[in-house]
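Residue numbers (my numbering), protein chains in the order written: chain A, 589 to 1063; chain B, 589 to 1063; chain C, 589 to 1063; chain D, 589 to 1063.
Hints listed in this document are in silico derivations from the structure and should not be mistaken for laboratory results. In this text the structure is predicted, and so the values were computed from the model without any measurement. Misleading hints may appear alongside valid ones.
Identical copies go unnamed one by one, so any copy, or any two together, can satisfy a pair.
What the hints assert, rightly or not - Quick list of in silico lysine-lysine cross-link-like pairs, PhoX-like style, CA-CA up to 25 Å:
(1) Lys996 - Lys811
(2) Lys811 - Lys995
(3) Lys795 - Lys709
(4) Lys995 - Lys612
(5) Lys959 - Lys911
(6) Lys1053 - Lys906
(7) Lys911 - Lys719
(8) Lys612 - Lys996
(9) Lys1057 - Lys995
(10) Lys640 - Lys1053
(11) Lys996 - Lys753
(12) Lys765 - Lys603
(13) Lys959 - Lys906
(14) Lys590 - Lys640
(15) Lys996 - Lys1057
(16) Lys674 - Lys1057
(17) Lys709 - Lys719
(18) Lys640 - Lys1057
(19) Lys601 - Lys811
(20) Lys995 - Lys1053
(21) Lys753 - Lys995
Number of protein chains: 4
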Amino acid sequence: MKTVEQYLESLRKLKPTVYMFGEKLEDPVSNPRILAGINATGATYELADNQKYRELFSAISPLTGDRINRFTLTPQCIEDLVKRVKINRLLGSYVGTCHQRCTGLDCLCTLSIVTYDIDRKYETHYYDRFKEFLKYMQVNDLAGNASVTDVKGDRSLSPHEQDDKDMYLRVVDRSKKGIIVRGAKVHQTGSLSAHEVIVLPTRALQKGDEDYALAFAVPSDTKGLIHVVGRNSLDTREIEGVDCGNIRYSKYCPTIIFDEVFVPWERVFMCGEVEFAAEMVSRFSAFHRQSHGGCKSGKIDAMTGAALLMMDYNGTAKATHHKEKIIEMIHTAETIYGCSLAASYEGRREPSGTFFIDPVLANASKIHEGKQMSEMVRLLIDVSGGFVADLPSERDFDSPRIGSLLKKYMKGAVGVPVENRIKMLRLVEKMAMESADTVSDIHGGGSPAAHRLTLFRESDTEYKKQCAKRLAGIE
Amino acid sequence: MKTVEQYLESLRKLKPTVYMFGEKLEDPVSNPRILAGINATGATYELADNQKYRELFSAISPLTGDRINRFTLTPQCIEDLVKRVKINRLLGSYVGTCHQRCTGLDCLCTLSIVTYDIDRKYETHYYDRFKEFLKYMQVNDLAGNASVTDVKGDRSLSPHEQDDKDMYLRVVDRSKKGIIVRGAKVHQTGSLSAHEVIVLPTRALQKGDEDYALAFAVPSDTKGLIHVVGRNSLDTREIEGVDCGNIRYSKYCPTIIFDEVFVPWERVFMCGEVEFAAEMVSRFSAFHRQSHGGCKSGKIDAMTGAALLMMDYNGTAKATHHKEKIIEMIHTAETIYGCSLAASYEGRREPSGTFFIDPVLANASKIHEGKQMSEMVRLLIDVSGGFVADLPSERDFDSPRIGSLLKKYMKGAVGVPVENRIKMLRLVEKMAMESADTVSDIHGGGSPAAHRLTLFRESDTEYKKQCAKRLAGIE
Amino acid sequence: MKTVEQYLESLRKLKPTVYMFGEKLEDPVSNPRILAGINATGATYELADNQKYRELFSAISPLTGDRINRFTLTPQCIEDLVKRVKINRLLGSYVGTCHQRCTGLDCLCTLSIVTYDIDRKYETHYYDRFKEFLKYMQVNDLAGNASVTDVKGDRSLSPHEQDDKDMYLRVVDRSKKGIIVRGAKVHQTGSLSAHEVIVLPTRALQKGDEDYALAFAVPSDTKGLIHVVGRNSLDTREIEGVDCGNIRYSKYCPTIIFDEVFVPWERVFMCGEVEFAAEMVSRFSAFHRQSHGGCKSGKIDAMTGAALLMMDYNGTAKATHHKEKIIEMIHTAETIYGCSLAASYEGRREPSGTFFIDPVLANASKIHEGKQMSEMVRLLIDVSGGFVADLPSERDFDSPRIGSLLKKYMKGAVGVPVENRIKMLRLVEKMAMESADTVSDIHGGGSPAAHRLTLFRESDTEYKKQCAKRLAGIE
Amino acid sequence: MKTVEQYLESLRKLKPTVYMFGEKLEDPVSNPRILAGINATGATYELADNQKYRELFSAISPLTGDRINRFTLTPQCIEDLVKRVKINRLLGSYVGTCHQRCTGLDCLCTLSIVTYDIDRKYETHYYDRFKEFLKYMQVNDLAGNASVTDVKGDRSLSPHEQDDKDMYLRVVDRSKKGIIVRGAKVHQTGSLSAHEVIVLPTRALQKGDEDYALAFAVPSDTKGLIHVVGRNSLDTREIEGVDCGNIRYSKYCPTIIFDEVFVPWERVFMCGEVEFAAEMVSRFSAFHRQSHGGCKSGKIDAMTGAALLMMDYNGTAKATHHKEKIIEMIHTAETIYGCSLAASYEGRREPSGTFFIDPVLANASKIHEGKQMSEMVRLLIDVSGGFVADLPSERDFDSPRIGSLLKKYMKGAVGVPVENRIKMLRLVEKMAMESADTVSDIHGGGSPAAHRLTLFRESDTEYKKQCAKRLAGIE
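Taking the hints into account, I'd like the entire structure generated from these sequences.
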């Protein structure tokens, strides 16, 4: 397993093509904004290397017999599924944002089930290829990035009906050695924190969409791959070097353009089997929605802690209405966590040997996240007070002219250093107003409508009807 | 284990003192209203006797080595905790109301932990007495009733501060053979469906409340015990013999007056150890709130089935807004169930060997129930339509003068027999408007405020604060 | 204007055909269940006759110049629209349930607009006929019943597509003197408290549905009209003569079958003009949804009062979490009321001279009612406690054997007579569990989905888009 | 009345002391971030000068007989109260954020009532002074800034109990000419868009707090006044000159330090009359909470327009689940607006002749805002999609290397220019993630807990109890 330092070192060796604010970034790892994101992923290496958490964060690989980071392990038993949730909750509270390494794992989990199922039907050899790739990820302790969400063009049209056929990633050429692909994937959380970009289809496909039925992996600095780091709400803070709020970690989500990228056949895990696109999507979605159940409950832990401290710092620790808000926050965290955990405990073995979670319970968790995280933000702001919107800059506090005046007036509860209050307010701003997190609360793992439809589709409505008929006396 | 028939037979042998509507009921088992409640408990016997569910509903007693009904088993492992939830969900969907046997089990679970803890402190012998009682319950496959909720008098006063000292059940006399108790317990769900009445204190107690620190069990037809069956919203239907809605089951919740009841020492499981009252209450509450997580998600299953059938019967099966409501219902059921299930999986062994659930997750489940069951009712009514309030009586449908006219006009979707639509509407009325259920959704296992406070108290708020401090850079 | 006594006298003179529980009721006014409903309507006569409220409840008829009850007045100015809301709120708090006289008024308001509009297009003479009818209602101070909701058969089919053509009320014969109609109208709140049954179509109609495009009025005891009083949740209480909770008022909602009913032409207000059915429905719905905004906020006033008294009586008056629930109740009442009131103040004059309310604000109010009334019930039960489900009967309290014991144990806060606590708990049961009210909260004035669609349809979405375009810099 | 140009010119003549990001701003009006805020206030001048809106936005001054901007008018009748809401809604939709001029008006309205009341008790002359000031504001068409919220120090202590006595603004010296004050006011929305800073106390005061019972006005560039413009979430966009989203307007909220500021007696409107602090606060709060009811419903109009356009641009215009979200947005806007409007219509004349709104309905509106605006943001993001978090910068779209690739892949629905989709997504980011708005939704006009307590305090709970008693039969 890699240490954090080795992880950073390994990223520095990559040479991805990166644009931000209209300019090319030659050394993304040294960019403070990108680095804050990389550090969040770094926590997955750090904790696995920490004596206290090593047992929880690592496992023995069934492929190599060596100890590996759980973020490269496809679950082999219920216990593995349960630990997925527990390490994600711990990480969520530890980084206070998205650690960005779950998406790659969720792709690996998905491929470990579906490549096997495709092979069973078509006598293809995707599963063996995938196992080689997985072994490579495990041995080198690599981070993966889930390239799932296509740009989609006109959403009322299917891939092959689009005016521009590239609106979903597709094969544009094939050769003996491999395939050439074109398209773009968006909301690529942590794509520069990852060594490998793992591509899955973003939706169910049908006849006519064969060129879009694609799964593969390429290094994140492959030729033709362009990472465009877009804007988020607090995106200049790390670059300015002040007012970050979360002094350690942040998140960014590039758009990745696949501008004629070559993929060798040994890295292709699906190519043309349209009817399996739906399974890829539903497996990935279920895994990823459940990952959120862990990390977002962890993030709420950190938010709740911040709210409790703001009560201490403002002198409102005894306000019963604030206590009710804290209870709401705890309740939401435990709900998201409880359903996610239950999804693991109620998991089952798939033909390939990988364990799969209960999709109904996983989606039940995600629906709460999509609805309630904005409520968490609201409660956090309510408890913290108006400075979430307009706290003066650290530069003002450091100003020889007005710094001492500001510190005089920002003083809160007796006995609390004014600096702590200022720092905590800044953290609250980050946790409440960071758009990269806010949007993932809602759209991560598919839109809320998708979560709801999945819940319905996976439920046994016939059984429910039978119950009602019997009680009503209808034969 | 008893069959349903043996169960009914065993109840008929009891001679409890029962009042209803101002009159004494000499043979309560034959009263159709009481019988509908007894039948719901009967389902716990029926399913344990059913080949398909026998495995799930029964277990081997660690006390006798014999196969026993799970409703007399104190949990010996995580699996036992998990099955608590699963059998409750199944029963909830099977009876469409409360089956009334979980409360007794939750008392047994509680006593199996706390009597041991008291003995450890005081070298008393409650645990041995309790084990004898437990064995008796198991061997005879008896149902217990949880006598927990006192009348409470003025709620701003503690037990010993009340004007009338009997507002909480208390010892009024002691002798070599046993104790005499006086007081009243309310909301005694299924007290006439039970063989034994198991008494626990209803709140934490303090010095001065020694006479109230009581736990014991007496047969439900003990001398001095008076069951007063109060009114609920649909309480005349079974008695009239029409318009029951749920043609099989119902619920009733007497007030039980302990008018100087003698309890022999071998049935006394706590007497005077005030500081253990809080533990009794918190254990029982946690277990019972979790039981609700099972049965209420099962009840929602039946409600969802009814809603889906109403869509079929009304011709609205394709209305997307109704489908959204169905999804809400499923989501609530799975949330309550998921948190409850996670509470079991995350349980732990107590010193006595009994397993205890995670109280945070159990309370997280109950808070949803208390808030969302009324929303389930609302959605069910919304989907079903206005006849939930004013469907003509079966007697009208049978009337030679207007019956055929009514059947003509009550016809719904093409191909659906009008009788089915009428029956299902009647079931919906029962599931939506039965006050015995509605109130238990809110107050069962303590009031919503109690659920919230427990959640807060049992959470690790210090850890949450530490997370926030580290991220904000506060030492 | 009539006094209450004159009103009751006038009802006794009618000879409607009524069935209940399978039997014919020869004297419905003397049936305690029906009478409790009639008394609620009686309050509209009582308050208009009360010196304190006379000014508010009455107005000068523009047709006759005489003072009339506002429940027969079509609004002639904004002030009239505003008073609609205020008298409904007052009545809602005064009767604690539905007073049942608004529906007839809402029909009169609708007809006073639409008959004029039809005449303008077709040179028909509906408006004159209607004015005669209105004058008759005013002069005799009569109550009307809104016969709007058809049974509808298969809801996926339009009226003329139904297997049985009578699933929507229709003309089956025409003569020089009038028309013969057949069909059934359901959820006919207070049909036996009304002198006249006023029929409007229940939905928009299209070509082919001409026979269904009908509006007319007939006396409630017209030959061929059959009132079938269905069941509601607490429907036996008045008949038993105990445990009514609301000791004065109740509600019932018959199904009315039109078994070949003759309507003379002078009472026909629309016949065949299909394209005006939509306007009839939308006008009536808007008026009626707004009426709810008044009476339901008034009902919440009574519920809030009951909750506050339960706090006093239980000894929980200082519980801050209960106070928060009271605030929720007040907030909901004021929201429903505020939007309804604004709908009046923002009303406008229609061509006939009648004033019409703002439909967007009226529907905004109703959507809150449909969603929040069940929450009001939940909060009321939460504050009141478990006895809402199982309070012993008055007959038990009167029992020589157990009455005094029950009274001893039902005692609440110091200084509060036990009788008051018992009475208030019984009232809470009535306000929380009366299905005739509960279902009207949701389906009154059309289903929640209808309220939402109306809101959307009546809103200026184009303006909203223009705002966004300008701010984004899109030409 | 001033034109926008004259307004900007007048601001340029002021020389306020301003700090931002640790540096002194010599020419704040030319700073693009500040200017975007000033422009929002400018809209209040622009629309009053626009033929179409002139009638709505202006009125005749009762003091001068001249036509004045309604933002300098204290309401003289119900119609004036109603127009407050209507111009605020229009402005909210026009600027898509806060226009920042209502707070000053709300101070004027408050002072026009309370100075009169103080004079009546103490025979002081505040009201005359205030009228002079008001005339000055009207004649010169000036904008005012509400300096209400003190820093508050330890919130569990009253002003005079604080360690540092300056935690609430106070008099530190008095002379014949005037007073010297010290302290700081926070969240000073648009303090640099205003000509005058109007100070009111922030809370009820008691004996011992005399020095804090202060109301006065000073020019915003008075000596000793320091405006510190703190950070908000998107605060660098205008400065960078790209990616603003809202291309016209924004909001900023400085902290203002009163570092020994002199106020001449003719500008002092309260000084020492502690018992009137509560009235100042409650009047101002009621007015300001109601102002929000107008502008926030207008902002939702713009948000709803953006959501509808995103549906058009993404190709999801037919998704019924999105339409439901639009309906939620409309419903919230109309609820906030309806209650606010009703508060005006139900207003009453105060002794000074100024009209005051109904505080119950005003607070009912604000409670919805505080709870629902975050839900509006959530729905807007849900409808718009993931690009709200990570849309590439305009600089990327303009890049010769990747600009055309990005435009290719950002194309949405057929027929929609890609530029429009990009612009609208950027506007959505602004409306969803601007912390200056988000926090005002919650804390503007006092915290949510304050809104709730006011609602309770102002309601007639005794009447509600009487209703319930009568219905229950309790004398």
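What hints, given by number in increasing order, does this structure fail? Number 7 only.
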